[in-house]
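Colleague: Using the hints, position chain B against chain A.
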Amino acid sequence: MQVLIALLSGLVFGFGLLVSGMANPAKVLGFLDLAGDWDPSLALVMAGAIAIGLVAFTVARRRTVSLLGLDMKLPSATHIDRRLVGGSLLFGMGWGLVGICPGPALVALGTGQVKALVFVLAMLAGMGVFELLERRRSARALGAKAGSHV
Amino acid sequence: MTIDWNAFTPWAALAGGALIGLGAAIFVLLGGRIAGISGVLGGLLKPVRGDIAWRLAFLGGLIAAPVLLSGGQVQAHIDADWSALIVAGLLVGIGTRYGSGCTSGHGVCGLSRLSPRSLVATLSFMAAGFATVYVIRHLVA
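Going down the list, the sequences are from chains A and B. 1 is the number of the first residue of the first sequence in this note's numbering; add one for each residue after it. 151 is the number of the first residue of the second sequence in this note's numbering; add one for each residue after it.
The following block holds chain A by itself, in its conformation from the complex:
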């Protein structure tokens, strides 16, 4: 069931990216170029998405299981720290460089462009670097903890 829901959701999300023009990097860059000929479309995409999202998440927040009885897994983190801001700044730099974020990258992959594949592989490599650094960090934390008991 979870798989079918995920597939349907991914499809509708992908249609939305295409219909809205956000799968088109030129249009995203047109929004990010405040000092040039500015295309405000992305702001209305966010407005349309959040208008629906507000209703959905208001309902979701009050529930412990989904409408189909699956566990409701909403994020619990509320802290604002250097990781959040630093990571988001790095993401924004990459986004501004080519006008592609993760969703549109996967949609572009579906169009069969080799450039989309290169971007997705680089993105996966970046995520892999994060996993490696995290593993090293938790190993160090564990080591420090073990050391303090000696």
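Mixed in with the good hints there might be a few duds.
Distance condition first, Cα-Cα at most 27 Å in a straight line; then the derived BS3-like pairs of lysine-lysine [stated by the list, open to error]: (1) Lys73/A <-> Lys196/B; (2) Lys145/A <-> Lys196/B; (3) Lys115/A <-> Lys196/B.
Rather than coming from a laboratory, the hints here were simulated on the basis of the structure.
Modeller: What follows is chain B alone, placed relative to chain A:
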């Protein structure tokens, strides 16, 4: 700032945005999960049993979308050169994982949840995006 009225597509943007919201709504209301694309993808690099199939299905849906939609709707041409794509991909990969989300998880779902954390993340990546395009198009070029 001058608005490019020829490029501006308000109705398509609102309609497409509503579809994006609907995709996220289906995922949370039926599946109980956040449609955060970097998180769904990144989770595959730290696989947990029973947690892989739905991730692949969600990503598969995104990839299948342009295949199922008719030609004129599919505008996703990537113009950037190879080195920029690789650098950008690496930045997006590392950044979204450290920042715990991207335009979908923070921008759409997080703002819909009225999460201050997601608001800070969204303002941060938007600011960096604006600054990067400014530097590339107006200072370097």
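Colleague: Run every hint past the structure and note whether it holds.
Modeller: Hint by hint, here is what the structure shows:
1. Only pairs whose Cα atoms come within 27 Å are accepted, and Lys73/A paired with Lys196/B is accepted, the gap being roughly 18 Å.
2. Restraint check for Lys145/A and Lys196/B: satisfied, since their Cα atoms lie roughly 24 Å apart, inside the 27 Å limit.
3. About 26 Å separates the Cα atoms of Lys115/A and Lys196/B, which keeps this hinted pair within 27 Å; it holds.
No hint from the list above goes unmet by this structure.
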